[in-house]
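K.L.:
For reference, the chains in residue letters:
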Amino acid sequence: MTRTLMAALATSALTALPAFAVEKAAVLDTYADIAEAAYGDSLTTAKRLQAAVQVLVQTPSPEALEAAKAAWKAARVPYQQTEAFRFGNVIVDEWEGKVNAWPLDEGLIDYVDLSYGGATDENEYAALNVIANPKFTLSGNEVDATEITPALIADTLNEADEVESNVARGYHAIEFLLWGQDLNGTEPGAGNRPWTDYAQGEACTNANCDRRGAYLLAATDLLVSDLEEMAGNWAEGGAARASVLADENAGLNTILTGMGSLSYGELAGERMKLGVLLNDPEEEQDCFSDNTYNSHFYDGMGIRNVYLGEYVRVDGSVVSGPSVSDLVAAADPAVDAGLRAALANTMDKLGQIKTTAESGFAYDQMLARGNAAGEALVLGAVDALVAQTRDIERAVSVLGLDQIAFEGSDSLDNPSAVFE
Amino acid sequence: MRLTLVALILSLASPALADTEAVIRDHILPGQAAFSAGTRALAEAAQADCTAAALQPAYNTAFDAWMGISHLRLGPVEEAGRYQAIAFWPDARGLTEKTLRRLIAEEDPVVNTPHGYAEVSVAARGLFALDYMLYDEDFASYEAGSYSCALVQAITADLADLAGKIEAEWLSGFAETLRSAGQPGNTTYLSAREVTQALFTQLTTALEFDADQRLGQPMGTFERPRPKRAEARRSGRSLRNVTLSLEALRQMASLLAEPPPAETLAAFDMSLKNAERLDDPAFAGVETPQGRLKVEALQQNIRAIRTAAIEEVGTSLGVSAGFNSADGD
Numbered sequence: 001m002t003r004t005l006m007a008a009l010a011t012s013a014l015t016a017l018p019a020f021a022v023e024k025a026a027v028l029d030t031y032a033d034i035a036e037a038a039y040g041d042s043l044t045t046a047k048r049l050q051a052a053v054q055v056l057v058q059t060p061s062p063e064a065l066e067a068a069k070a071a072w073k074a075a076r077v078p079y080q081q082t083e084a085f086r087f088g089n090v091i092v093d094e095w096e097g098k099v100n101a102w103p104l105d106e107g108l109i110d111y112v113d114l115s116y117g118g119a120t121d122e123n124e125y126a127a128l129n130v131i132a133n134p135k136f137t138l139s140g141n142e143v144d145a146t147e148i149t150p151a152l153i154a155d156t157l158n159e160a161d162e163v164e165s166n167v168a169r170g171y172h173a174i175e176f177l178l179w180g181q182d183l184n185g186t187e188p189g190a191g192n193r194p195w196t197d198y199a200q201g202e203a204c205t206n207a208n209c210d211r212r213g214a215y216l217l218a219a220t221d222l223l224v225s226d227l228e229e230m231a232g233n234w235a236e237g238g239a240a241r242a243s244v245l246a247d248e249n250a251g252l253n254t255i256l257t258g259m260g261s262l263s264y265g266e267l268a269g270e271r272m273k274l275g276v277l278l279n280d281p282e283e284e285q286d287c288f289s290d291n292t293y294n295s296h297f298y299d300g301m302g303i304r305n306v307y308l309g310e311y312v313r314v315d316g317s318v319v320s321g322p323s324v325s326d327l328v329a330a331a332d333p334a335v336d337a338g339l340r341a342a343l344a345n346t347m348d349k350l351g352q353i354k355t356t357a358e359s360g361f362a363y364d365q366m367l368a369r370g371n372a373a374g375e376a377l378v379l380g381a382v383d384a385l386v387a388q389t390r391d392i393e394r395a396v397s398v399l400g401l402d403q404i405a406f407e408g409s410d411s412l413d414n415p416s417a418v419f420e
Numbered sequence: 001m002r003l004t005l006v007a008l009i010l011s012l013a014s015p016a017l018a019d020t021e022a023v024i025r026d027h028i029l030p031g032q033a034a035f036s037a038g039t040r041a042l043a044e045a046a047q048a049d050c051t052a053a054a055l056q057p058a059y060n061t062a063f064d065a066w067m068g069i070s071h072l073r074l075g076p077v078e079e080a081g082r083y084q085a086i087a088f089w090p091d092a093r094g095l096t097e098k099t100l101r102r103l104i105a106e107e108d109p110v111v112n113t114p115h116g117y118a119e120v121s122v123a124a125r126g127l128f129a130l131d132y133m134l135y136d137e138d139f140a141s142y143e144a145g146s147y148s149c150a151l152v153q154a155i156t157a158d159l160a161d162l163a164g165k166i167e168a169e170w171l172s173g174f175a176e177t178l179r180s181a182g183q184p185g186n187t188t189y190l191s192a193r194e195v196t197q198a199l200f201t202q203l204t205t206a207l208e209f210d211a212d213q214r215l216g217q218p219m220g221t222f223e224r225p226r227p228k229r230a231e232a233r234r235s236g237r238s239l240r241n242v243t244l245s246l247e248a249l250r251q252m253a254s255l256l257a258e259p260p261p262a263e264t265l266a267a268f269d270m271s272l273k274n275a276e277r278l279d280d281p282a283f284a285g286v287e288t289p290q291g292r293l294k295v296e297a298l299q300q301n302i303r304a305i306r307t308a309a310i311e312e313v314g315t316s317l318g319v320s321a322g323f324n325s326a327d328g329d
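Chains as they are written, first to last, in full-length UniProt numbering: chain A, 1 to 420; chain B, 1 to 329.
Treat the hints with caution; some may be incorrect.
[What the hints assert, rightly or not] Just so you have them, the derived chain A footprint on chain B, three or more residues with Cβ under 8 Å:
(1) 75-84
(2) 92-98
(3) 114-122
(4) 219-225
[What the hints assert, rightly or not] One-sided and incomplete, this derived list gives chain B residues near chain A with beta-carbon spacing under 8 Å:
(5) Lys-228
(6) Gly-322
(7) Asn-324
(8) Ala-326
The hints are simulated quantities; they were obtained by calculation from the structure and are not laboratory data. We treat Cβ as the ideally placed atom computed from N, Cα and C, and that holds for glycine.
All chains, full assembly: derive it from the sequences and hints.
P.N.:
Take a look at the structure:
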């Protein structure tokens, strides 16, 4: 009894057998090829960021800081499109926190404004300031941070004291080191770190410019090596590719799980809706750079990429092939048309936020209390993402994949025993 | 093998349909009515006497009513962030306290405008804002005529307004949206099966929330228990909320599947029995190994209900859980 037959039976109950068969294996190949290309592009652009950061630290100048910021923003474009691969792929989900964790208690890393406050009940090290302190005690251990290395950041600082907001690595730690805190609240404007925070000698502002430069270099090196790891996982022979290709229906389920989980719980809920409901610009994903609207936009694009089986690379070349959309259309054209329309609607709504933000109405302002236009823009995209999730569920159903999640229990043999 | 068999049954035989009407009539609508009435009584009580001690009974009645419907994350409550405005929790960044402190320090006039409070951050709205205002020693000693008194009146009025709108929208439209699934013009639910799946998703998602959040938050890790993260710990409702949630979910499960899902209901009964024996209202016991073990055991009990529901209710109805708002981080 093969799963293919099973699926065919499930499908034939709903519609006539398709005139041509889209090979599931070919669809999974396209998916893995897009992942390889998108993580590869993320690596390429992170290396450009690394080069720009090296220039900034070696020969600091206003231009060098601006160039590094531009390189960071460019690096986010392909990376955000990979987020559709995160949920469903265990290898990606377990790794993701190394590169894209947020929100962060940035006072762990560097100086902050007085309004930031100090240590909190939740995080004793929220204002540790590693850049200013070469030696400190962390969870009872003496730490020698005289030399700031990728290993120090990865093994000692990141998630220090088991607190998730102690984010010491990844895009957002680098973003903070380039932009600094955004102190504009729900007014326009991003972080405004002076280039002289990296200047040498007497020109240095806010002290410890050498250590700040060392931290920035180490964090960027770490980002590059983390992306190398993930790009390798999707190359021919890589573990993530092999995992997706191992079982056709489970692989398809992975694709749709990634699309649905990112659309609904993560992007619509955690990242977009909460910010508006809390009127809180710190709920912005890219809060230092004010680049949040782009991160949301490219998340949406990444979801569409994996469904349509097409990704435009950073050099303009195109990776494409047989897609989930082809499979769904063969099973039930109406479900495919519905999901395509929903994805297009989401891109329209995310595009409206992007164009508005780029024409001067900052994402921060959209979150302000009583800003009805901003709220309508953001919640419009939230509604579109929630609606597209319903269509993704229909695609799961029409492909006969919705019984795959059944699994056994790993509960204790007799949890009631402790009450005896 | 089991997977194959299940799929075959589903694809060859038409799955049994759920009793959606029973769920709407005997579970959802009475629950909405109770929450609407409970919050209205709370708002009226706040107008008469806003002080903390006077309001606590009406607050608890309203919160109890919320636990009867808090698992129903579909329809009117999902519009424009109403769910979060009623129940903003967990609150990892301490925003409820921070926002309330700011409103009180600034004596923000937003409390004086009718319906103006709906614009305030959800962190300072709804039940969890009231848990601070009525129980936290830093907040609860306010007097009649003070800013805090007006704040509590605004929060309770806003909450009653939300609950009333949600109930009205169920009665005037969304109940019919569920009932008319698959009929022309219904663009929300294209088949009865989609409604079944949506209701089933509420069941499994809420069980996950009970285990992972209501119990998991205070449990923290073995090395680092977090009793201060327990839900509504100031009013000592943490365990009561789990119990009331399980009772509501048990009722929904028993109505949803015909015949009633025996294994799932037995798993509910086991959890409810152990919850009753826990004797740790705000999960303060998680700081001791023995206390933590008991909470962890209840967590395992609840996860076992979820497993039973997926295998028994899900299979008999021919659905699996859809996506939920907890997917993601």
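K.L.:
Honestly, which of those hints from before does the structure not fit?
P.N.:
none
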